[in-house]
Amino acid sequence: MLEEIDLFRLSHTMARHAGARQAVVAQNMAHADTPGYAARDIAPFSAHLEAGPGFAPRATRPGHLNGSLAGALPGFEPRIDRAAVRDPNGNSVSLESEMLRGVEVSRQHNRALAIYRSGLNVLRAAIGRN
Amino acid sequence: MSEFSNALSVSSSGLRAQAQRLRHVAENIANADTPGYRRKTIAFEAAGAGTEAGTVMPGPVRLDRGPLSEVYDPAHPLADATGHYEGSNVNLMIEMADAREAQRSYEANLKMFTQAREMSSGLMDLLRR
Chain C
5 MLEEIDLFRL SHTMARHAGA RQAVVAQNMA HADTPGYAAR DIAPFSAHLE
55 AGPGFAPRAT RPGHLNGSLA GALPGFEPRI DRAAVRDPNG NSVSLESEML
105 RGVEVSRQHN RALAIYRSGL NVLRAAIGRN
Chain U
2 MSEFSNALSV SSSGLRAQAQ RLRHVAENIA NADTPGYRRK TIAFEAAGAG
52 TEAGTVMPGP VRLDRGPLSE VYDPAHPLAD ATGHYEGSNV NLMIEMADAR
102 EAQRSYEANL KMFTQAREMS SGLMDLLRR
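Taken in order, these protein sequences are the chains called C and U.
Numbers in this note's numbering are just positions in the first sequence, counted from 1, shifted up by 4.
Numbers in this note's numbering are just positions in the second sequence, counted from 1, shifted up by 1.
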């Protein structure tokens with residue numbers, strides 16, 4: 005319902021991206037000592053935003069002339085991080101960089117929720133309830 | 002929501018695995034002076050598909066095949082003709098390093114668990130006025 009509003013759609017996707025990336029970071033952490041495990045990662049949200057329609061004009065209903073109708077929400081596929089250095093036992097997880105990613109993810113999630121909440125406040129003000 | 006519950010179960014499997022590793026370290030240290038004791042080691046494995054996908058499991062317990070230490074003590078009941086008996090092959094330094102690594106990984110997993118919980122409770126806060 006609220007996903008039709010662009011602001012909500014954006015913050016919704018951002019929060020979903022943070023959730024998916026958090027799951028990948030947690031998996032890497034759990035496998036920090038598993039021999040032969042390759043660290044995985046999901047591209048940062050800005051990369052997803054640039055790959056998608058971005059902020060170009062877009063049709064939101066069939067009657068619009070320019071732009072194409074937005075398709076389904078994008079999926080976030082984890083990729084194996086090939087640049088990571090491997091330990092002698094074949095494990096490529098670095099706890100330090102995972103910590104960094106974890107903090108990044110949690111900040112992004114908080115930011116997305118703050119945007120969503122302030123959008124909700126605008127809507128509440130519009131229907132006269134403060 | 003499923004992403005968070007997945008993250009929580011993966012983190013808890015990591016916690017469990019590290020705790021079991023720490024238990025084996027404790028067994029090894031306790032038996033450092035047991036004659037003929039071989040130190041136990043476990044390797045972690047990635048669980049397969051299904052609901053368990055992505056979780057970590059402790060593998061089977063293996064015994065260290067390294068040589069047992071020779072202790073010279075002619076008065077010992079197990080001593081052979083030359084006065085030596087076989088001690089354990091536990092190296093306390095290795096066990097301490099292993100315990101420290103297990104603790105570090107345990108804390109990292111715990112941090113991820115807390116973070117996933119905070120993120121999902123932040124989502125729940127949206128429902129509140």
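Treat the hints with caution; some may be incorrect.
Said to hold, decoys possible - Counterexamples of contact, computed for chain U against chain C with all Cβ distances above 12 Å:
1) SER3
2) ALA31
3) ALA33
4) ASP34
5) THR35
6) TYR38
7) ALA54
8) GLY67
9) PRO68
10) SER70
11) GLU71
12) PRO75
13) PRO78
14) ASN92
15) LYS112
16) LEU127
Unchecked claim - Covered stretches of chain C, as calculated for chain U (at least 3 residues, CB under 8 Å):
17) 12-26
18) 30-43
19) 47-54
20) 81-91
If you are wondering where the hints come from, they were derived from the structure by calculation, not from laboratory data.
Think of the CB as a built atom: it goes at the ideal place given N, C-alpha and C, for glycine as much as any other residue.
Structure-based check of each hint:
no.	hint	in the structure
1	SER3	9 Å, violated
2	ALA31	22 Å, holds
3	ALA33	23 Å, holds
4	ASP34	28 Å, holds
5	THR35	26 Å, holds
6	TYR38	24 Å, holds
7	ALA54	9 Å, violated
8	GLY67	18 Å, holds
9	PRO68	22 Å, holds
10	SER70	26 Å, holds
11	GLU71	30 Å, holds
12	PRO75	42 Å, holds
13	PRO78	40 Å, holds
14	ASN92	19 Å, holds
15	LYS112	7 Å, violated
16	LEU127	6 Å, violated
17	12-26	holds (count 6)
18	30-43	holds (count 10)
19	47-54	violated (count 0)
20	81-91	violated (count 0)
Of the numbered hints given earlier, the model fails hints 1, 7, 15, 16, 19, 20; all others are met.
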